[in-house]
Amino acid sequence: MVVNEKIAIEHGLKKEEFEKICNLLKRNPNITELAIFSAMWNEHCSYKSSKVHLKTLNSKSKKVIQGPGENAGVVDIGDDDAIVFKIESHNHPSFIEPYQGAATGVGGIMRDIFTMGARPIANLNSLHFGSPQHKKTKNLLRGVVQGIGGYSNCIGVPTIAGQTCFDESYNGNILVNAMTIGLVNKNKIFYSKAVGINKPVIYVGSKTGRDGIHGASMASAIFDEKIEEKKPTVQVGDPFTEKLLLEACLELMVGKSIIAIQDMGAAGLTSSSVEMASKGKLGIELNLNKVPCREENMSPYEIMLSESQERMLIILENGKEKEAKKIFDKWNLDFEIIGKTNDSKKIEIYFNNEKTVDIPIDFLSESAPQYDRKWKKTKLPQKIKFKKDEFKSLKINDCLKKILSSPNICEKRWIWEQYDHTIMGDTIQKPGGDAGVVRVHGSKKAIAASVDSSANYCYSHPLTGGKQVVCESWRNLISVGSEPIAITNCLNFGNPEKEKNMGEFVECLEGINDASKYLEFPIVSGNVSFYNETKDKGIKPTPTIGGIGLIKEYEKMITMDIKKINNHVIVLGKTDGHLDQSIFAKEILGEKKGPPPEVNLFNEKNIGQTLLKLHKNNFIESAHDVSLGGIIVAISKMCIKGNKGIKIGKLKNLMNKFEFFFGEDQARYIIEVKEENLDKVQDILNQNSVHYDKLGIIMKNYIEIENEPKLSIDELKNYNNNWIKNYMVN
Amino acid sequence: MKSSVIIFPGSNCDRDMDVALKKFGFKNQMVWHNEPEIPKSDLIVLPGGFSYGDYLRCGSIAGKSKIINSLIDFVKSGRLVLGICNGFQILTETGLLPGVLQRNKNLEFICKNVFIKINNNSNSFFNNIKKNVLKLHIAHNEGNYFCSNDELKTIEDNNQIAITYCNSEGLSNEENNPNGAIKNIAGVLNKEKNVLGMMPHPERMIDKYLSGDDGSIFFENILGNFK
Amino acid sequence: MKIKAIVTLKEGVLDPQGKAIQQTLSSMSFSEVKKVRQGKYFDIEVNIEDEKKAKAKVEEMCEKLLANLVIEDYKIL
Amino acid sequence: MKIKAIVTLKEGVLDPQGKAIQQTLSSMSFSEVKKVRQGKYFDIEVNIEDEKKAKAKVEEMCEKLLANLVIEDYKIL
Ligand SMILES: Nc1ncnc2c1ncn2[C@@H]1O[C@H](COP(=O)(O)OP(=O)(O)O)[C@@H](O)[C@H]1O
Ligand SMILES: [Mg+2]
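Protein chains in written order, with the numbering used here: chain R, 1 to 730; chain S, 1001 to 1227; chain G, 2001 to 2077; chain P, 3001 to 3077.
Think about it this way: if two alpha-carbon atoms lie no more than 27 Å apart in a straight line, the pair counts; the simulated DSS-like pairs of lysine-lysine are: (1) G/K2075 x P/K3034; (2) G/K2040 x P/K3052; (3) P/K3002 x G/K2075; (4) R/K48 x R/K26; (5) G/K2035 x S/K1105; (6) R/K605 x R/K616.
No lab work stands behind these hints: they were computed from the structure. No experiment lies behind these values; they were computed from the predicted model shown.
Just chain R, same shape as in the assembly:
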């Protein structure tokens, strides 16, 4: 078939890109070759709009074993143990078919982790849905949650944390980001770089079907009215087969037979084979007649583009084929030698004894287009001057109840009780805390993990927002008593061809990078999802940060539930009462403008590290970071969890009490301290120049604020716990 410009454009290539292909090849590609180019030059695989910016990311520290560029990042946690982790988006498929889209998203990220030889030990997810009133939201929420649970529960990996947000900017583009954490011996990590010629190339896992053809290009396409027609490309996940694949791969990895291994994710066989060859600067030769197919008469085009799930490509040592096949036979998985490596530096594909593809690997990787797209800076918005009488008619307790039961603040138990969060027997902090925590099996260590995003802050001022998300992740990890180690990021943005969206991307990334450097919190893996846009309406910029921290002795983990009556409660960090962009401004005052709270990296680092010092001395009974909703929401959640109340002391200065209680100033934590440690705690805080305010003293059943009606904890609990349940059943 002769390929012309029109066909190329239908495959998502630009006119100039097609010309470039013809020039490189010095001929027109055939249809299979075009398919391969379109897949590899697609935004999803080539990172053509983001690469120039991603290159600048801070990805180094003493603990980083592998930064960006592999299937996942790897960090050292001592004693030969290493943690492999990454986050990935599955936004577009989840909007089209929430159950399968979310399920295959989880499947995909887990494969990225066990490809490297790690056993997955925890999953996390970050979800953004449209407004609760939008007609699609409820079904999307149910489908996504069941899809995530359906897949990870079946595999048997606990889902230990996550986040769920609602905002109308996601009405036509929900975000489903899935993260997996794996544990590996640091001397037994597997990579995707092919080494050596004449090595057998092995296909294992499920058979190849016609599913997901054009999935990768769909992931980079803007949704339009024709979205319905794109539906048949949705893949169906088979978690059972993935579980077998996981066990089989880990079994094979015990021996020394694997040279390189790569999962078949986006753009399936195409990207996996090209990437492996490209990293090894080798050539690869494939015989597509050997590929196990689920359906009859599949063409090379279909085989190369198929995104059937639960498949892997392995480059094996010569002579190990039999031994390897035995393992995959045991697990009832397909195993086929489909080609070999060579030194041609080309990808050559045969079908029915004919060479159907002949492309130098460099053309697909190095020569892929890269764009330094135009972008626009976002100015810091003017601060809102709230008028005194706006607050006059308001009552603290009414505002608190409303906020506690608002979609973005309410407890998400309805979601995480549908996830198996205790399997593997090492979950010591369940969802619902600041970070999920799992023990490193058989040791004293534990890993804390959290996923965070702050789309409102990022939308208002991307640079500040980008910094803030990293800080939020850092605080969540500190709050459970872990030492933050590294982060992964999932950059969900709109259309990069628009200057505003590209600017949001560039500036968020700059903010992320600044914070990452300052906090020595390197970025070791990630993923970019552009074109989250429907009918010209883009999402708010939503970089999601997945952070992990190390707890050296798990017995010393901190939780946020208030422990004991008569203990003292202290707020670390200064409260200025920043209400712009706060939940309070949105939910109570209906005000959406203004700048996000300022991020001071020095304070973040100093206060976080001081909290860990206090913790080392066993001075902290409970802790929680202050984030959305401010001090009053934070202390309410601590009280609800601990089933106790607090008597809040007089406010020191003449501050507006709404600003004090609901302001969202950054770099703050609430800690609970025993009376007998109070002086020593204050000494340490003073020595480290940490500003603090005493908030009050723990008591029974009520939150008491001067000149305000008492607030019963049981009542607050009801407000906090029921929104989502009621929403889902009604």
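For this one, chain R is given, so just place chains S, G and P with the ligands on it according to the hints.
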């Protein structure tokens, strides 16, 4: 004391069970589902998970495994068999236990702590447990126990209902029933009381840093019977 | 040839899925719905040309695997 | 009256259940089995006496709830 944990393709609580059994003093072995024979054991455990992906009906395909014949012989010999969650489903599918486990009433997977009341303690699984109510953990999609009225009468007459869902005070009623199981049943015994199937996962509750440690009481009791 | 089989819950056996569907349909303003029961449908391709023999084989499959006869009935279409 | 409907996966969509059942049947010495696809079966009782109208109603239910048209087809029996 020797125990064996049978692994089916898709089992995923096998390791957790191994850890628990060893912690409480069993010499445990892992046995692959198509081994012709089970090694010498005092206790066989069918662990939780999603054998064969829960496809067709939970436990149905595992119920056709090669090893099931030796399992049946083992049961006849009077030694102990314990099925947790998916293991329970396999035991009902093979007919070693009465009834079936259907989708949870709310059609949602449920992972949370529950209380269970010991209904029959004259068997080797619960005999010396002092507490009447235990806090255990469930994690399942299909735990809604069902059997016909006739069968229900039979298992009641034979005192085969081992445990029921309840509240912290031991009150069994619909409110404390997480999945819609008939008579709040959380676990049943066979007629001879040497086979127990239960939905809760005691192996996830074996130290105080986890969701709780009442699972320890359960394992210690079984082991005690062999001392 | 292809044989189709249906497996349904016996009368009197609780059907949580059917019930939930019925409730959802009602709430979607399908007020006409009185009762929903959900079952399984199988499309089975066998290497047997004789229809009678093929059906007999599928019947055997239902007996031995596809249906749990304690709670389910089957029917070859 | 009672209307029966069947919901099946579209041609080409992976059917993990069917695949597992097929493998199990094969290993149970049903060597004749070539392929199994699993679907859902619904028995729906509606308060409508006219068959044509009843079927139309059930068709609407399939469209709106019973079938996931992204990956499934339906058929009224
Ligand atoms: N935002 C990002 N930050 C850091 N690394 C990134 C980012 N986006 C992508 N990467 C890195 O680029 C590589 C390719 O990513 P991706 O195509 O998503 O992986 P995969 O092929 O496994 O799906 C990975 O090593 C990933 O860690
Ligand atoms: Mg990968």
